[in-house]
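Q: Construct all of the structure, not just a fragment, from the sequences and the given hints.
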Amino acid sequence: MKRITTALLLSLPFTFLWGQAEEARLLSHWADETIPATSWLNSRYNEVWGLTQNGLEIAVIGSTMGVHFIDVTDPENPNELKSAFVQGNATGANLVHRDYHDYGGYLYTVADEGFSTLQIIDLSNLPDTAMLVYNSDELLRRSHNIFIDSTSARLYACGVSAQGGNPSLRILSLDDPVNPTILASYPNGTLSLPYVHDCYVRHDTAYLNCGNSGFFVVDFTDPLNPNLLGTMTTYPQEGYNHSGWLHETLPIYYLADETHGMDLKAVDVSDFADIKVVSTFDTGSEIPTSIPHNLIVRDNYLYVSYYYEGLQVYDLTDPANPVRVAYYDTYPGEDEDFYAGAWGVYPFLPSGNILISDMQGGLFVIESMESLFTGARETAAFTGDLRLFPQPASGLVNISIELETALHDAHLQVLDLNGRVLRQQSLGDLNAGRHGFEWTIPGQWADGYYLLQLQSREQAVTKKLVLQR
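In terms of the working numbering, the sequence shown opens at residue 25 and continues consecutively.
Keep in mind the hints are simulated off the structure, nothing from the lab. Any given hint might turn out to be false.
Here are the simulated distance ranges between beta carbons [to be verified]:
# : residue 1 : residue 2 : range
1 : 448       : 471       : 47 to 57 angstroms
2 : 471       : 117       : 19 to 29 angstroms
3 : 188       : 47        : 46 to 56 angstroms
4 : 261       : 456       : 54 to 64 angstroms
5 : 407       : 461       : 44 to 54 angstroms
Think of the CB as a built atom: it goes at the ideal place given N, C-alpha and C, for glycine as much as any other residue.
A: Here it is in structure tokens:
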């Protein structure tokens, strides 16, 4: 991963600096080289999840050995809670996949290799210990992924291997969180389903990523009488339909095909009879082996783990056309037609800090997007203050500049995220003290993010300008 120092960046043309996505800031990294690696992928780690328990922010990361709990409350000093480690029922060099979801103070964990089980872990005594309260293959022996719909207390297990069969999808009731029961398994006489690789569920409507068979949407309000709402089995840049996440408020589903060279998709699910891709987007790289893995939406951002390109973050101001705004590459190796690097992403900690798991590298804690984008991006020499209000702005924006020293040949300019200058105003020489300006925002400017920069012979500073009418 190439890095450019601040001093070098400040010497570059402004269009280069702001025409690119921002490199996110690494807060800390955790790994344990004593964990055995897999024989197939040379990987030690898999999925990442996050928890808040007893006032702490805790990262959960899976390995070939089990479940590790890392205290990231102080994000620059991660601390493994070794007394809380829970060994998987299956471990060792053949263990590649684990998956997690928490509900009601318990962590639910599965694996997709060996003589595995469904494990349920009581989190109430963290950071001191985590207690394994359920460990059985009665309901699930192996599962590739799980998702819990908390509104109905149901666990959806995908790609299941179990006693008596291998259902594509199995739904468990968590009405008693430590004694789950089977509600239904599919395919059955009420619903024919292909292999289900992963899913996202909201209010009993499941968005199913079915690998080579495409994308299915099913209403499971009554698990004994499910209703197939729609499918999308052919679409642009179709690959292995791997995973996805629904926009928080709009009927747009963001989809990752786990196929080298394939883009991410924004999918319109407003009409289940006509599910369709409305845009494709990628990392902007020329890497032919670029391949996404997992993705999650939080607030106005889409967070994606790309195997060889690490964390990728997209702004959803225009939800149908995500814009790449940040990245952090976790994998220093070569890009290949294989599988290595970033596995999972978790952006839901209260701090906003982002957790990334890397198959070879371990846990990466990344600074929140709020911290990255809302503070001033400034030269080391800038000694004043630049403020914009209101934010978001609609018709007018007030610009307040407070200077400790004078500036010469100063000017203000607004740029879009592609680095295009949309407006400039010369300010001449500015004395030390406070200066105020009021700008009318042109009606043709679209809602979204812009960059307002104050430049002079001596100093420069940039702030984010948010427009929302």
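Q: Hint by hint, say whether it matches the structure.
A: The hints, checked one at a time:
no. : hint                           : result
1   : 448 to 471: 47 to 57 angstroms : violated (22 angstroms)
2   : 471 to 117: 19 to 29 angstroms : violated (51 angstroms)
3   : 188 to 47: 46 to 56 angstroms  : holds (50 angstroms)
4   : 261 to 456: 54 to 64 angstroms : holds (56 angstroms)
5   : 407 to 461: 44 to 54 angstroms : violated (20 angstroms)
The structure is inconsistent with the numbered hints 1, 2, 5, although it conforms to all the rest.
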